[in-house]
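**Student:** For reference, the chains in residue letters:
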Amino acid sequence: GAVVSQHPSWVICKSGTSVKIECRSLDFQATTMFWYRQFPKQSLMLMATSNEGSKATYEQGVEKDKFLINHASLTLSTLTVTSAHPEDSSFYICSARVLYGTERNNEQFFGPGTRLTVL
Amino acid sequence: QKEVEQDPGPLSVPEGAIVSLNCTYSNSAFQYFMWYRQYSRKGPELLMYTYSSGNKEDGRFTAQVDKSSKYISLFIRDSQPSDSATYLCAMSAPNTGNQFYFGTGTSLTVIP
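First to last, the protein sequences are chains X and C.
Taking the numbering used here, the leading residue of the first sequence gets 1, the next gets one more, and so forth.
Taking the numbering used here, the leading residue of the second sequence gets 1, the next gets one more, and so forth.
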C-alpha cells in the first residue's frame, strides 16, 4: 500500500515552454502533498506544501508564479513549471501524507521523481 | 547550523559488513524519525520509521534514536551489494505542518 506515482518520469523541453508534472496517490487519500527539488548529490529541498482544495504554501525563495501547484483532489496534485529555463533543470519529487493514522499519521510516501531537462 | 547533519560519505564496505549510518539534529521538538533509501535517479523509499526514542528492528535493519544526545542511527547487518544507495535521514516535529527536515544523505557502496 501507500504507492505514489509521478508522470512523466522524465521530460526534455525547450527554454520558455511550460511543463506539467502529475503526482498521484494510488491507493490512499492524501490531504497534503509535498513538492521537493533535488540537485545531483544533494538532499531534497522542500519547495511547497499542497493542501487539497486550498492554495499551496511555498517555501522561502520559491517563486509561486513560476512553480504553479494545483491540488484538485485527494489523490492528485500537479506542479507546472512555467517558462522553464535551463536553471530549472532538476529532479522533482512529490510526496503524499497519509490521511488517517495514529502515530504513523506523519508518514510521507514519495513518488519516483521526474527528471526535467530544459534545453 | 543546519537542523539535521549527516555525513555525506561516500562510504564503501565489503559485502557482509555491518554498516552504521548516523545523523545528528538540533531541534529537541523532533518526534518522528525516518530513514529513506534512494537509488540513483529514483524517489526515496521509506526504510524505517520511529516515533520518539528507542530501537526498532526490521530484518537486517535497525534504527536507533537517542533523543538525549539528539542522535539517530541506522544499522545494516550482513550488507549486500543491493544495499548500495544513498541513505537519507529525515525528522519532523508535531504541529509543524508535517515539514520534514532531511539530512544531505550518505552514499553507500557495498562491494561484492
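No lab work stands behind these hints, which were simulated from the structure alone.
It cannot be assumed that every hint is accurate.
Claimed, not checked - Listed next, the in silico SDA-like pairs over lysine to any residue satisfying Cα-Cα at most 25 Å (straight line):
1) K2(C) - K20(X)
2) K2(C) - S82(C)
3) K2(C) - P112(C)
4) K64(X) - D27(X)
5) K41(X) - N55(C)
6) K70(C) - M45(X)
7) K42(C) - V11(X)
8) K20(X) - R41(C)
9) K41(X) - L76(X)
Stated by the list, open to error - Here are the in silico distance ranges between beta carbons for each label pair:
10) S73(X) - S12(C): 13 to 23 Å
11) S18(X) - Y51(C): 21 to 31 Å
12) P14(C) - M45(X): 28 to 38 Å
13) Q42(X) - K67(C): 26 to 36 Å
14) S69(C) - E63(X): 18 to 28 Å
15) S73(C) - S15(X): 38 to 48 Å
16) P8(X) - D58(C): 26 to 36 Å
17) V3(X) - E57(C): 18 to 28 Å
18) S69(C) - K55(X): 18 to 28 Å
19) F39(X) - Q80(C): 42 to 52 Å
Don't be surprised by glycine CBs; every beta carbon is placed ideally from N, CA and C.
**Student:** Work down the list of hints and note, for each, if the structure agrees.
**Tutor:** Tested hints:
1. A threshold of 25 Å between alpha carbons decides the hint, and for K2(C) with K20(X) the separation of about 32 Å lies outside it, so the pair is violated.
2. Of the supplied pair hints, the one linking K2(C) and S82(C) is violated, its CA atoms being roughly 30 Å apart against a limit of 25 Å.
3. The suggested pairing of K2(C) with P112(C) is violated, with an alpha-carbon distance near 35 Å, which exceeds 25 Å.
4. Restraint check: the Cα-Cα separation between K64(X) and D27(X) comes to about 29 Å, which exceeds 25 Å; the hinted pair is violated.
5. With a CA separation close to 29 Å, the supplied pair K41(X) and N55(C) exceeds the 25 Å bound.
6. Between K70(C) and M45(X) the CA atoms are separated by roughly 22 Å; this keeps the pair inside 25 Å, and the hint holds.
7. For the hint pairing K42(C) with V11(X), the CA-to-CA distance comes to about 15 Å; that is within 25 Å, so the pair holds.
8. Distance check on the hinted pair: K20(X) and R41(C) sit about 19 Å apart at the alpha-carbon level, within 25 Å; holds.
9. At roughly 28 Å between alpha-carbon atoms, K41(X) and L76(X) are farther apart than 25 Å, so this suggested pair is violated.
10. A C-beta distance of roughly 45 Å is found between S73(X) and S12(C), which places it outside the suggested range of 13 to 23 Å.
11. In this structure, S18(X) and Y51(C) break the distance hint of 21 to 31 Å, their C-beta atoms being roughly 41 Å apart.
12. Checked against the given bound of 28 to 38 Å, the beta carbons of P14(C) and M45(X), roughly 34 Å apart, stay inside it.
13. Checking the proposed 26 to 36 Å range against Q42(X) and K67(C) shows it holds: the Cβ atoms sit about 27 Å from each other.
14. Evaluation of the 18 to 28 Å hint for S69(C) and E63(X) yields a failure: the beta carbon distance comes to about 39 Å.
15. Take S73(C) and S15(X): their Cβ atoms lie about 45 Å apart, and the range 38 to 48 Å holds.
16. Range check, P8(X) to D58(C): about 33 Å between beta-carbon atoms, so the 26 to 36 Å window is met.
17. Remark: the range hint 18 to 28 Å for V3(X) to E57(C) is upheld by a beta-carbon distance near 25 Å.
18. Between S69(C) and K55(X) the CB atoms are about 40 Å apart, so this pair departs from the stated range of 18 to 28 Å.
19. Separation of F39(X) from Q80(C) is about 28 Å and departs from the stated range, judged on CB atoms against 42 to 52 Å.
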